[in-house]
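Chemist: These are the residues of each chain, in order.
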Amino acid sequence: MTNNLRFKTSRFIDETYRVSFKFNNKIYFGFKGDTLASALLANGIHLVGRSFKYHRPRGIMTSGSEEPNAIIQLHDNSSRTEPNVRATEVEIYEGLVASSQNCWPSVNFDIGGINNLLSPILPAGFYYKTFMWPVSFWEKYEYFIRKSAGLGKSPKVADPDIYEHNYIHCDVLVIGAGISGIMAAKMAAKNGLKTLLVDEKSYLGGSSIYDNSEFSKINNQTTSSWLEKEINEISKLENLEIKTRTSVAAFHGYNFLLARENLTDHLPINQRENKVRQRLLKIRAKKVITATGSIERPLIFDNNDRPGILLSSAIKKYIDLYGVACGENNVLFTNNDTAYETAVSLIQRGIKINAIIDNREQIDSKISYEVEKNNIKIYKGYTIVDTYGYRRINKISIMKLSKDGQTVIGEKTKLNCDCLGVSGGWTPAVHLFTQSGGKLKFREEDQVFIPDVYPSDQISIGSCNGDFGLEEIIKNTLSSIKKFLDIDNSEYKTIEIISGLNQSKRNIWLLPSDKSIGKTKSFVDYQNDATSKDIKLALREGFRSIEHVKRYTTTGMGTDQGKLGNMHALGIISETAGTKMGEHGTTTFRPPYTPLTFGTIVGRNVGEFFDIFRRTPIHDWHVANNAKFENVGQWKRAWYYPKNNENMHQAVQRESKAARDSAGILDASTLGKIDIQGTDASEFLNRVYTNAWSKLAVGKCRYGLMLNEDGMVYDDGVTTRLGENHYIMTTTTGGAANVLGKLEDYLQTEWPELDVYLSSVTDHYATISVCGPNSKKIVSKVIPDLDLSDEKFTHMSFKNAKIDNIKCRVMRISFTGEHSYEINIQANYGKSVWEKCMEAGKDFNITPYGTETMHLLRAEKGFIIVGQDTDATMTPIDLQMDWIVSKKKYDFIGKRSLYRSDTIRENRKQLVGLLTENPDEVLEEGAQIVADIKKTPIEMLGHVTSSYYSPNLKK
Amino acid sequence: MFLINCPFCGEREQSEFKAGGEAHIVRPKQPTELSDDEWAEYLFMRKNIKGIQFERWNHVHGCRKWFNMVRDTSNDQIKAVYKMGEKPPVK
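Each protein sequence line maps, in turn, to chains A and B. Going by the working numbering, the first sequence opens with residue 1, and the numbers climb by one from there. Going by the working numbering, the second sequence opens with residue 1, and the numbers climb by one from there.
Hints are all accurate, no fakes.
Only pairs whose alpha carbons sit at most 27 Å apart, straight line, appear in this in silico DSS-like list of lysine-lysine:
no. : chain 1 : residue 1 : chain 2 : residue 2
1   : B       : LYS29     : A       : LYS895
2   : A       : LYS8      : A       : LYS22
3   : B       : LYS79     : A       : LYS282
4   : B       : LYS18     : A       : LYS282
5   : B       : LYS18     : A       : LYS742
6   : A       : LYS475    : A       : LYS441
7   : A       : LYS643    : A       : LYS955
FRET-style restraints, in silico, Cβ to Cβ:
no. : chain 1 : residue 1 : chain 2 : residue 2 : range
8   : B       : VAL26     : A       : ASP902    : 21 to 27 Å
9   : B       : LEU3      : A       : SER225    : 41 to 47 Å
10  : A       : ASP843    : B       : GLY62     : 49 to 55 Å
11  : B       : GLN77     : A       : SER106    : 55 to 61 Å
Covered stretches of chain B, going by a simulated chain A footprint (3 or more residues, C-beta under 8 Å):
no. : stretch
12  : 1-10
13  : 29-38
14  : 57-65
15  : 75-85
These are computed hints drawn from the structure, not numbers from a lab. C-beta atoms are modelled at their ideal positions from N, C-alpha and C, and glycine is treated no differently.
Could you put the whole structure together from the sequences, leaning on the hints where they help?
Modeler: Right under this line is the structure:
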């Protein structure tokens with residue numbers, strides 16, 4: 001550790017607790033309380049990564065979640081490895097391992113740095129323009145582009161950590177625990193409202209908690225000591241829940257918010273065992289108070305991206321919060337008063353300030369006079385025109401700004417420095433506000449977008465609302481929260497504010513240089529290497545919309561989503577195009593505010609919990625008998641039952657042969673079953689099926705085809721009339737829920753006059769289908785009391801029966817074309833009845849068959865499967881099923897559509913049977929049928945919907 | 001995500017509901033007497049309004065009841081919910 005960079009005075013750092021960590025394979029030390037960024041800076045390390053496109057050396061730029069440069073790979077070569085982590089947010093712990101990204105062989109010497117020299121030929125849109133031709137070369141280009149793309153490495157093995165989702169309901173949610181957030185939370189909780197206060201940092205108090213300056217005081221105390229007492233007080237409030245390390249990711253409509261709570265990332269790995277790593281909080285708040293603060297703007301000048309260039313507020317935070325100096329010879333570059341606060345902190349610690357470069361000609365504030373008193377040279381009305389130093393800044397050159405700020409004049413002066421703090425003023429963090437649907441307005445005087453129209457019961461306070469001065473923040477927070485929460489008592493009696501800062505600012509989006517713009521590299525988006533030159537090029541090439549310029553130049557499209565540079569991009573566009581900035585609006589801020597891990601998003605819904613899966617009552621038997629399963633909707637259905645190393649084809653051939661020759665047995669429990677009752681049940685079926693139902697006798701079954709109102713086949717199945725006003729309808733396995741929904745829809749909305757009640761009974765029954773020439777013998781052994789003679793029990797009829805005193809329904813219906821019985825019994829008896837059938841069928845080689853054989857058997861018979869042979873563009877006529885469409889019925893769902901001009905068109909695709917010339921050849925399902933393969937574009941005549949080899953027909 | 005006040009169950013999360021398109025489109029009583037164009041009008045033509053829109057919703061993971069909703073599509077404010085067959089309470 002370089003001792004002269006560390007000051008042992010910060011109360012946020014535990015100097016008795018030394019922590020060792022590894023960065024780029026070297027061991028370093030820091031203290032408990034450090035972030036990876038502050039610990040690296042204390043070790044004199046600025047260079048932590050390479051930029052995305054030009055591989056330029058990049059250093060730590062900020063001290064928070066807005067960091068564009070210091071994104072690193074955490075936990076290399078471990079199952080926990082995580083790319084693109086912001087070093088400014090990582091709290092160090094014993095044994096932390098991290099490394100730089102996007103560089104090879106090392107961050108200090110990176111081969112990709114050649115791109116920086118090639119940059120004149122790598123402008124915005126380079127990839128779009130260059131790799132267009134010849135078309136056939138794309139695959140070759142792609143290989144190399146893919147290799148060079150991307151930043152970190154994704155993990156290759158399963159994540160060992162546990163994640164979860166929690167719901168939180170509260171009266172008031174306060175986002176951000178800075179000075180105004182803390183005041184708002186206290187007022188809400190003290191007035192009896194259930195309040196939740198969240199902050200992304202590990203500590204409360206925002207940037208005021210480490211401000212010990214004499215120039216910002218509340219009730220004659222430093223803001224840090226005043227705030228410390230406030231925090232102490234609110235931590236005892238019963239109505240208030242406080243969550244730190246909790247970052248709100250999304251603010252949706254109706255005050256529904258998603259936040260990520262980090263629980264173990266700051267702990268050494270061996271203390272994380274069996275603990276939840278991150279939680280996704282799903283928050284429903286009656287009222288939301290957004291106090292997310294603001295983000296300091298950088299300044300845009302030539303070579304503004306060198307390691308050692310930081311936001312001026314970050315330099316202050318590293319000194320005051322972490323006790324770390326970012327450099328020993330500092331220069332500050334500003335257009336407003338906040339940099340002077342940094343200067344005061346530097347002066348307090350006796351750190352050298354070589355100069356302050358201020359865009360403004362006139363500076364009139366107490367704090368600037370104080371700084372000047374310390375014999376620090378302030379260059380008023382100056383700008384930086386260039387910087388020097390490859391791996392770390394070592395020099396800058398400055399020139400005087402012209403009156404209008406558009407050019408530079410006079411002599412160039414060079415100044416030495418090892419650290420440069422920049423301050424371009426502040427951008428309110430309105431991301432969450434706009435995500436929620438809020439509308440912004442542009443404030444001309446200091447060029448900021450601030451909240452204007454609120455879409456829900458919410459309010460923005462503090463600097464995210466455009467209040468930057470301490471007095472303004474506190475006064476406006478008090479008055480607006482009182483009004484927003486409708487309370488009289490603010491809990492704050494008198495508050496005296498002293499502030500030595502003036503809010504004046506000289507805003508120049510793109511600072512002028514003595515070089516032509518083509519020769520400069522002034523970065524707007526650091527992470528994506530987008531420069532002001534790229535933005536101007538996009539405008540020259542005709543892009544006008546901010547959304548188009550963003551995508552063309554990739555400005556704001558990095559993992560930081562342009563938190564630093566988006567405003568400058570807007571500013572440069574309006575300056576160049578000569579338009580007003582407010583007119584362009586902003587690009588859309590989309591969730592998440594900071595990246596979320598996939599683990600947080602999926603929570604516990606991993607592995608077997610990823611989706612619900614439904615098992616039939618006979619499932620365990622299938623598993624015990626070596627079934628392979630197929631997913632049908634959410635169901636696991638037995639697919640085929642391989643014996644002695646059979647492959648699927650062999651098993652299916654054996655199963656289907658057995659079903660035709662002797663007996664097969666199928667678990668059909670997954671078919672949807674809807675119980676239909678009511679005096680108008682027959683009329684209802686008449687209206688929903690294409691065929692007629694009124695004359696179906698009690699005890700009989702009938703196949704029905706259901707259409708959509710557009711005439712296309714929707715579902716099919718057999719419906720049985722159980723009683724005068726009682727039917728049971730079967731549907732396809734996958735269509736069950738939708739059919740019920742559709743029928744309910746018609747009943748409730750179109751035909752409320754019908755006396756019909758529907759209930760889903762799919763899960764109530766197990767359905768066992770026994771088919772084949774010997775099926776009668778088998779069923780008669782299982783149900784000896786039932787007369788199975790063909791005269792008494794005809795095809796397409798049903799009988800009530802009993803198996804060991806348990807009631808069941810037996811239907812003589814067949815999907816295979818074989819003589820079949822379908823036994824429906826209360827679900828929990830399903831497995832034992834199945835086993836009875838297996839036992840009874842032993843002498844007849846009863847063979848369990850799965851869905852694949854079922855498909856083959858029905859194809860032999862010529863039955864369709866809705867969803868396989870149909871695809872929502874097929875009418876019954878297209879399927880050669882006009883026999884099932886009633887001509888007599890006045891109306892049914894879809895009838896009118898069957899003679900629309902399109903459905904009676906002559907050249908509609910038809911379902912037909914195909915045979916191959918070579919009987920052993922099986923066409924591939926989905927294959928296209930073409931007449932002439934040489935003609936391009938190839939004309940498609942149709943496609944294969946189902947295809948099998950039949951062992952029974954030998955073709 | 002909306003909070004929807006189901007007329008039968010009370011306020012519930014949007015995830016319990018399913019949207020069912022434009023409301024107050026009545027299925028013709030004599031479809032066979034309609035021309036292709038008239039049938040197409042019923043079958044396909046739907047409004048896509050920026051502003052006040054009348055919609056059908058189904059509390060599919062709740063009471064399974066269909067009901068109507070008046071929603072401002074420009075800001076997702078739900079102006080009213082009412083049962084099937086009832087007249088819209090707002091214009």
